[in-house]
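With chain A's structure known, arrange chains B, C and D on it following the hints.
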Amino acid sequence: MKKLLTAFVGSLALASAPVAISAEATQSLKLAYDADPVTLDIHEQLSGGILQLSHMTFDPLLRWSNDLTFEPRLAKSWERIDENTMRFTLREGVTFHSGNALTSEDVRFTFERLKQSPDFKAIFKPFSELKVVDETTFDLITSEPYPLLLNAATYIFPMDKAFYSGNDKDGNAKAAISKQGSTFASRNQSGTGPFKVTSRQQGVKVEFERFADYWDTASPGNVGKISLTPIKENNTRVSALLSGGVDFIAPVPPTDLERIKNNPETSLVTMSGTRIILFHMNQKRFEPFQDVRVRQAVAYAINQEGIAAKIMKGFATPAAQLSPAGYQGHNDSLATRFDVAKAQALMKEAGYEDGFTITMMAPNNRYVNDDKIAQAVAAMLARINIKVDLKTLPKAQYWPEFDDRAADMMMIGWHADTEDSANFYEFLTMCPNSETGTGQYNAGNYCNPETDAMVDQANVETDLDKRAALLQDVEKRLYDDAAFVPLHWQDLAWASKGSVKIEPILNVMNFPYLGDLVVE
Amino acid sequence: MALLEVNNLDVRFAVRGGDLQALQSISFSLDKGERLGLVGESGAGKSVAAFSILKLIAQPGYIAGGEVLFEGRNLSAMSERELRQIRGNRIAMIFQDPMMTLNPVLTVGTQMVEALKAHRRISTRAARDIALKKLQKVSIPSPDKRLDQYPHELSGGMRQRVIIAIALLLDPDIIIADEPTTALDVTIQAEIMALLLALCEQDNVALMLITHDLGLVSQVTQRMLVMYSGRIIEQGPTKEIINDAQHPYTQGLINALPQMGEPGRRLYQIPGSMPSLSRIPPGCPFHPRCPFVTDECRQTMPEYVQSGNVDVACYEVSKLIEQENRAPEVTP
Amino acid sequence: MTTATVSRWDRFRESFLWYSFKRDKIAIVSFVVFVAIVLAGVFAPLFAPADPYDLAQINIMNSELPPVWMAGGDAQFPLGTDAQGRDLLSTILYGTRVSLLIGFGAVLMQGALGILFGLLAGYLGGRVDAVLMRIADVQLSFSTLMVAIIVGAVFKASFGNLMFGEIAIYMLIVIIGIAEWPQIARTVRASVLAEKKKEYVDAAKVMGFGTNRIMFRHILPNTLSPIFVISTVQIANAIISEAALSFLGLGMPETQPSLGSLIKSGFDYIQSGSWWITLIPGLVLVVLVLVINLLGDWLRDMMNPRLYKG
Amino acid sequence: MLAFLVQRISQALLVMFVISLISFSIQDGLGDPLQQMVGQSVSEAEREKIREELGLNDSFVVQYLRFAGQAVQGDLGTSYFYGKPTLEVIFEHLPATLELVIGASLIIGFLSVPIGVYAAIRPRAWLSKFFMGISTVGISIPVFLTAIVLIQLFSIGVTVNWFPPETGWGSWLNGLFSTEGGMPSYGRGDGLVHLFGTWHSGFFSSDGLRHLTLPAISLASIMLPLFIRLIRAEMMEVLQSDYIRYAQAKGLAPHRIHFLHALKNTMLPVITVGGVQLGIMVAYTILTETVFQWPGVGLMFLEAITRSDIPLIVSYLMVVGLIFVVTNTVVDLVYGLVNPTVKLTGKKA
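Chains as they are written, first to last, in the numbering used here: chain A, 1 to 520; chain B, 521 to 852; chain C, 853 to 1162; chain D, 1163 to 1511.
Simulated from the structure, these hints should not be mistaken for laboratory data.
Quantities reported herein were computed from a predicted structural model and do not represent experimental measurements.
Fair warning: there could be bad hints in the mix.
Unchecked claim - Covered, in the sense of this in silico footprint (three residues per stretch, anywhere, with C-beta under 8 Å from a C-beta of chain C), are these stretches of chain D:
| no. | stretch |
| --- | --- |
| 1 | 1173-1185 |
| 2 | 1296-1302 |
| 3 | 1305-1312 |
| 4 | 1434-1444 |
| 5 | 1483-1492 |
Unchecked claim - The calculated lysine to any residue pairs, modelled on SDA-like cross-linking and capped at a C-alpha distance of 25 Å, are:
| no. | chain 1 | residue 1 | chain 2 | residue 2 |
| --- | --- | --- | --- | --- |
| 6 | A | K30 | D | E1465 |
| 7 | A | K121 | D | E1206 |
| 8 | A | K169 | D | E1250 |
| 9 | A | K395 | D | T1468 |
| 10 | D | K1426 | B | T644 |
Stated by the list, open to error - Interface residues of chain B toward chain D, partial, derived using beta-carbon atoms under 8 Å:
| no. | residue |
| --- | --- |
| 11 | L574 |
| 12 | Q605 |
| 13 | D617 |
| 14 | M620 |
| 15 | L622 |
| 16 | N623 |
| 17 | V625 |
| 18 | E634 |
| 19 | A638 |
| 20 | Y670 |
C-beta atoms are modelled at their ideal positions from N, C-alpha and C, and glycine is treated no differently.
So here's chain A without its partners, still in its complex pose (with noise of 0.2 Å):
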């Protein structure tokens, strides 16, 4: 899985694909997500719901295959100029939903409001200027060489610059951001994407139609009509399926995975996912904590096949690190080490035979049975003698407790926005700096200057090879220093009616591509 980064070569043969006529599009598809797009202005919140509402009305420049490569979408091609320029060449014939030619102009646009959204600006925090060209090239430069320029790259959702600019009817700036009130952006759209939006109440349901002079002709989707209703309930949502409510869902509570494989009406796919689940061990909070030995016997007492297989159903990958499978640092010599017997040693080694009391807090509704995972750690806490005080929360209430580093140990689950490693060290393992903004999610209070410049390193070093080696070393440094406790990849699945061929469209970012659906 190393040759990510190199792929972009292979890709320029794909952009020059034979033209196909493209399907009729009648089919219409009722969709249920457990939650509807908070807003229509895809630069206000950086949320895997605005993603995938960002994939149906509008198009990257380039996204994420199922292999974790590169597929070019509005950037015909793009090319290294020198270490810190990349040139894109536009595709050209797109029209914005409004009409209006897609330019590098309209890029340039969207890349300045992104670098004014606070959600999004600390993804393009490296990048010190996109110059336009001409007509369809544009140059991406950093401030100095950016190993995942790409990976920013899929962030760009090039919008239509005349759409957006001047004053909306009550004076404010069509443009504007706006986490508060309603602005123009959060009620109108105008992308280059498969679907348009034409009805929408917030909570209850959205409709979308089939763009009608879509660019990607190729495109084998003939889904003309989409409604999206939220449904929170996993168990409604589930039964909506079965009861023919709805022809696609997602996500699928584990419980439910069986039932749906079995139903002859029904399909489902699952993938791993990329979103590790794991506890930190505050040493600040509690002192026995920064003994490495105390650390690794709580290390050595969770059992994470276990949880998995039990609690998740099958429906997680067990972790022993930080970056899943396909990330440059993830590293395949470190494997989970579930042994009572090496833990009850390590504790009385490290002079707490009789064990001690601490707290732990978890969320009771942000990750898959995250409240049943926390009791379970706690259940197998309780076999090394580390009596555990548990307090689950609603995820309102659990992340200001999380922020106050409320107990000893506290559960939190990451996906890197970048598809990288480095991510992870950055917000979770890094010591904690105000300043920087490093180790804000860092509830072990763990630090280890080495690490963190190794990663400092990393996030310079171009030549992908040397920086998947850096990475994979710091992988094992903190699996050592028993730095945390790692669980489980939840998996992603999503469920379908059996006409509906969901399986090509999806990925391992969970962002359907509805466009390219096919549905029988």
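Just chains B, C and D, lined up with the frame of chain A:
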């Protein structure tokens, strides 16, 4: 043949400890236009007798035996549907407490019109006119206004007048009045009683008056029967009983009345109190309180014996009568 | 002269209460079942094969085992295990104890508040009555869920999150106690209004008794029968409200489940095979509440003088 | 009459003021709204800036005064999540809840009166015992359990094979108990007819009604038993009264006695208690709406709680408080109309 004949009527209440004998072989008759008084302490079964005629006894009471003949037809054997044609139409009732008798949420007009329409095929318009006429007959001030008023807007006396009007709506043959004036204050009582009597005489309606007020019975009724623990112990012409009561209990009742003629006389008080339905003693129910009690009284219920026109159920009385019959015509 | 001291037991045996109880089969059965459940709950540590609160005994590997009479059942867990691998039978016993505790505790609190406010509103009337009844209205407009959120926030502010385990029960008792006291207050007020008109109250006033004495020594005893009747219904409601709160994630914590939170935790499994995690505790909950309601009905029919007179 | 209304309006304002004070004071207990609005990788400094913008850092008093100032002009603040004025959001969701409550009330009305009356007239009949038994069981089952069973039975469908399928009667019984489902189990359907403003009604289309059935039944399942028992108890008491016996003495037909004389008196206490229960039912919708994904104010409130969308929570509590006072007032008015003995100063008989 009398208008109404009650023969050996038995009424029991199926209560927890087995059946209570509320009425035991009650027999009496009522002729057209006749006024009959039912007297006795409260709990003697007067009201039960009245209600059982129209089979209106509340659960868990039931008619265990005997018959109630009205114009020769046995009411107690009738089906509910047939009995409904008699109730209110041929035999009307007046309850004791006017405050409770009229439905609080319906206007007087509605409650009168519905009674008419229940028995006659008549338009509401015509029914209202009849009701108006009847209200005038019971001399209620501004009767037309009353029809649209609710019961709580009328005084007790006025309400009883309405009830009397309702009773007369369908020109019944008999009116059964269960203590019609007890709940009213004294000044109104005489007025209402006089009104009821006048109307009964006027339309030749038989009146069955249930009361514990001996004075009222003596002035108003032609015949009377005295009840004790569900049995009739004495019945006959009112005048004869009042002047020469045979049964010790009746004598006790009469002596308990303050007499105008004898100021300052200590009122006689019958010792003890009437037994409740669940503890009726064997034999004559009055024997524990009777000054002339004999062993015979304690075993069996005395038969009725004729003394003048009065039927009495008491061994002492029947002994006295035998002596009189056997005694030769000593006195000239 | 010595009156024969009738022992309390004879008086009870002789009373109509015992009489109607003997004849009413439903009442007998529900009473027996109720006592059985209460005993099982109270003495949970004795009957329960395992201690669900001791996390060391829980092994994740034997989670979701079916009850022993079904295929795959394990004798060690007669009613199977829940998602955590906890023995369902012992968890239900402990859960019943928690639910009963919450039920009775909440009703005690409701009773105290309800009787006090009901008496004051009913007896004093006028402005006091209006104010108290408006407070009751405000209270009733807050469903138990909203009260749970508010009281939860207050408890969190004062005790912080960490001690949640120990204080959860008391918090829920306070929540359901506060949420439902108007029901009892309304009943008490209604019966006090009726009693107030009776002569014995005037007699007490004439004898110069203070208002408190009249209210508590004279009027209250006469309003006991409706209070007793509504309390049984309120116990049933309290247990169901706790279940509802657990369903919304605001009830007892997972580590000390009540019947309600047990049902909630098993909820996701109901349609996917291990139905017993929800249905068995659900059954116990329904039976417990049903029995309490039946006893309440019998009490109401028995104690309600108007019905009895008929 | 006017005095009565003025008194009630002032009470409504007082109730809303008290509610707003309480809900505002528990603000910090409801969690940090910012968490929901911002992506995970937004720096602390960034969050601080937004928090400042939203005025979340001001002291409690300052925030409340600002809120009260706007509230007086009818603006109860803007919802963080919807980005729209909270009243607008509430009025968008209110019709769904009201239709659910109306649907449930109709079911209750049409079922509880006949059953309650029948059970009162013939308490010994086995049918009455059957209904009373079901109503007691009904009260004992929590609403979310009923809802799930309804979905399982009527929308997903259940194939029963308890009985030996090969035998004739076995397969017949299996057929009897199995259901093939098909009823919609979520949402309000597509057949909504636009009435006025934000009111899209499901009553006027078959699809809308089909979507309304299961949720309305499950919501009614909480209150139906209560009303049946209430009507039965009151009716039995009324049947003992003198005016009923007098009506019989007048020779009136039984159905007139039961359904006019007795029922009208029975309904008086039922209206007062029932009216209050209707107010409470609005709060019960939260559970039903969660299970049926019914886009009403209950679900909106629950999601506001999970997102700690504080302005929306505060406004919802105030609106529910207002609805409660309004239903109470309507109940008193209706009671005044039906019960002639009560003068219209809202005094209960």
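Against the structure, the hints come out as follows:
1. With a threshold of 8 Å between beta carbons, the proposed coverage of the stretch 1173-1185 of chain D by chain C holds, since 7 of its residues qualify and at least three are required.
2. Coverage of the stretch 1296-1302 of chain D by chain C holds in this model, with 4 residues showing a Cβ closer than 8 Å to a Cβ of that chain against a need of three.
3. With 4 residues carrying a beta carbon less than 8 Å from a beta carbon of chain C, the stretch 1305-1312 of chain D meets the three-residue requirement, and the given coverage holds.
4. Counting residues of the stretch 1434-1444 of chain D whose beta carbon lies closer than 8 Å to any beta carbon of chain C gives 3, which reaches the threshold of three, so the coverage claim holds.
5. Under the rule that three or more residues need a Cβ within less than 8 Å of chain C, the assignment of the stretch 1483-1492 of chain D holds, with 5 such residues.
6. For the suggested pair K30 of chain A and E1465 of chain D, the alpha carbons sit about 23 Å apart, so the restraint of at most 25 Å is met.
7. Note on K121 of chain A and E1206 of chain D: the hinted pairing holds, with a Cα-Cα distance of about 13 Å set against a maximum of 25 Å.
8. The hinted pair formed by K169 of chain A and E1250 of chain D meets the criterion: a straight-line CA distance of about 20 Å does not exceed 25 Å.
9. Simply put, K395 of chain A and T1468 of chain D have alpha-carbon atoms about 7 Å apart, close enough for the 25 Å limit, and the pair holds.
10. Of the pairs offered as hints, the one joining K1426 of chain D and T644 of chain B holds, with about 21 Å between alpha carbons and a cut-off of 25 Å not exceeded.
11. About 6 Å separates the beta-carbon of L574 of chain B from the nearest beta-carbon of chain D, less than 8 Å, and the hint is met.
12. Interface hint at Q605 of chain B: satisfied, since its Cβ lies 7 Å from the closest Cβ of chain D, which is below the 8 Å cut-off.
13. Taking 8 Å as the C-beta contact cut-off toward chain D, the hint placing D617 of chain B at the interface holds, the least distance being around 7 Å.
14. A hinted interface residue such as M620 of chain B counts as satisfied when its beta carbon comes closer than 8 Å to some beta carbon of chain D; here the least separation is about 4 Å, so the hint holds.
15. This hint holds: L622 of chain B has a C-beta 6 Å from the nearest C-beta of chain D, less than the 8 Å allowed.
16. Nearest Cβ of chain D to the Cβ of N623 of chain B: about 4 Å, under the 8 Å cut. The hint holds.
17. The beta carbon of V625 of chain B comes within 5 Å of a beta carbon in chain D, closer than 8 Å, and the hint placing it at the interface holds.
18. Interface hint at E634 of chain B: satisfied, since its Cβ lies 6 Å from the closest Cβ of chain D, which is below the 8 Å cut-off.
19. With 8 Å as the threshold, the beta carbon of A638 of chain B comes within range of chain D, its nearest partner Cβ sitting at about 5 Å, so the hint holds.
20. Given the 8 Å rule on beta carbons, the hint for Y670 of chain B holds: about 5 Å separates it from the nearest Cβ of chain D.
Against the hints set out earlier in the document, no violation occurs for any number.
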